[in-house]
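2 protein chains.
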Amino acid sequence: MTIVNNRGKRFRVPDATIKRLPLYLDKLILLQQAGVQEVSSRQLATSLDIKASQLRHDFHYFGGFSKPGRPYLVDKLVPALREIIGIDEPVPIVIAGAGHLGNALANYRNFERQGFPLLGVFDVDADLVGREIRGVTIRPMSELADFIRERGIRLGVLTVPLDVAQIVADDMIAAGVTGLWNFTPTEIKAPDHVIVRNERLAVGLMCLSFKTKRIGMPEEMR
Amino acid sequence: MTIVNNRGKRFRVPDATIKRLPLYLDKLILLQQAGVQEVSSRQLATSLDIKASQLRHDFHYFGGFSKPGRPYLVDKLVPALREIIGIDEPVPIVIAGAGHLGNALANYRNFERQGFPLLGVFDVDADLVGREIRGVTIRPMSELADFIRERGIRLGVLTVPLDVAQIVADDMIAAGVTGLWNFTPTEIKAPDHVIVRNERLAVGLMCLSFKTKRIGMPEEMR
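Keeping their order, the protein sequence lines are chains C and S.
The working numbering applies: residue 3 is where the first sequence begins, and numbers increase by one.
The working numbering applies: residue 3 is where the second sequence begins, and numbers increase by one.
One thing to keep in mind: the hints can contain errors.
Given that identical chains are not distinguished, each listed pair holds provided it fits within a single copy or across any two copies.
As the list claims (entries may be wrong) - Calculated pairs, BS3-like style, for lysine-lysine (alpha carbon to alpha carbon, straight line, at most 30 Å): (1) K78 with K53; (2) K191 with K213; (3) K21 with K215; (4) K78 with K213; (5) K215 with K191; (6) K53 with K215; (7) K78 with K191; (8) K69 with K53; (9) K21 with K69; (10) K78 with K215.
In case anyone wonders, no lab produced these hints; they're calculated from the structure.
The following block holds chain C by itself, in its conformation from the complex (with noise of 0.2 Å):
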């Protein structure tokens, strides 16, 4: 990614550093949250599992975000975050399939205080239709596309059944959404300027399990 300067010169972030930024915010969030007003660079990079240095390099091409030994301010650099991650603003979402999952994730209050509100939460089954999820009714899933279209939504999540999650995605998609979260297990087509994430679950105990096998083994070993 190329950044602008307050010089007007431009250069490139790596996108290592890039990747980094929401683990950065997200944690000032939850510092903020507590209460918390200061916090040092090794403070934030440890719970991290990052090295200090590693992080002021990557805060130094965004302008260092503090004086050379000088805590960061939490409540300066949350929105300076915000603004580069390009959250600044609230982004709405709109979660497709009311199931367990999609129930998990609409009653899943960090998405909110994370700058992410619920729009919208859909299903076909006439059941569940109706019913409030914090507020927020739950809707045909025959009236998605015009929700989506008609306030401009942008994040679609998807946590449908593996069989109808293509047709759903080319609705979102059809009628406006650029950003797809897929929880499906299965793979989503979608036009080149559509960003796909597939969140896959197991991926994250797989590499738990992995790393607890190793932590006995000698240092050398692991």
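Position chain S relative to chain C; hints supplied.
Relative to the frame of chain C, chain S by itself:
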């Protein structure tokens, strides 16, 4: 991580390679379930947004898994990767907290398919205790530690409310859990021999939002 090959030679595998192994395995299990028998490095890599050369390089550390120019045999590659990752035997898990997220994860069939059978779900809520989730009865939280100890369970999923997260984590660790999958938005303090994986769902949305904002920009600005 250090690997010993057939000839007894030891060599180091980069962490980045290790981190990609679960992604490969996850994808291959999906292909296997879909009845796919052969896959080229290009097909496998492309579906994971990785370069084919990178994938072949990763596999090379473990003998390559196929002859040059030949596709991988899915049914051979899956058990080979399972063994390397250390999940050739099923790794049982328990879930502490049967709220929305715990319930959704307990209903997630893919964990079992990937080698992580769910043995127990626990909650303090008397209304939930005794209910079944896919054949697994929700038990009182007070039985969690004994259950873990008696069955030698090493992986635990933490989906309890924030304010009891550390207490429940301590219980699980004292009972023998060495890998904790933490879905609560708090940091869990754990001894050195325990791996805590913090699953920060909102980070997924941040990354997705960030990428969609850049997709319309010229290549050099992304």
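**Item:** Up to 30 Å CA-CA - K191 versus K78, copy category
**Value:** Only across copies: K78 and K191 sit 27 Å apart there, 40 Å inside one copy, limit 30 Å.
Homo-oligomer pair classification [K213, K78; C-alpha up to 30 Å]
between (36 Å within a copy, 23 Å between copies)
- Intra- versus inter-copy proximity for K53 and K69 (alpha-carbon distance at most 30 Å): Answer is within; shortest intra-copy Cα gap is 18 Å, inter-copy 40 Å.
Should K21 paired with K69 be assigned to within, between, both, or neither, using CA atoms and 30 Å as the limit?
within (24 Å within a copy, 35 Å between copies)
When no copy is named, should K191 and K213 be tagged within, between, both, or neither for a Cα gap of at most 30 Å? between (33 Å within a copy, 17 Å between copies)
**Alpha-carbon proximity context of K21 and K215, limit 30 Å** = Both: 27 Å inside a copy, 14 Å across copies.
Quiz item: Checking K78 and K215: alpha-carbon separation at most 30 Å within a copy, between copies, both or neither?
Solution: Cα proximity of K78 and K215: across copies only (23 Å, versus 41 Å in one copy).
Query raised in the report: At most 30 Å between C-alpha atoms: does K215 with K191 qualify within a copy, between copies, both, or neither?
Result: Answer is between: at 20 Å across copies they meet the 30 Å cutoff, but 36 Å inside does not.
Should K53 paired with K215 be assigned to within, between, both, or neither, using CA atoms and 30 Å as the limit?
-> both (24 Å within a copy, 29 Å between copies)
Q. Can you tell me if K78 and K53 fall within 30 Å by alpha carbon in one copy, between copies, both or neither?
A. within (22 Å within a copy, 38 Å between copies)
The structure is consistent with each of the numbered hints, conforming to all of them.
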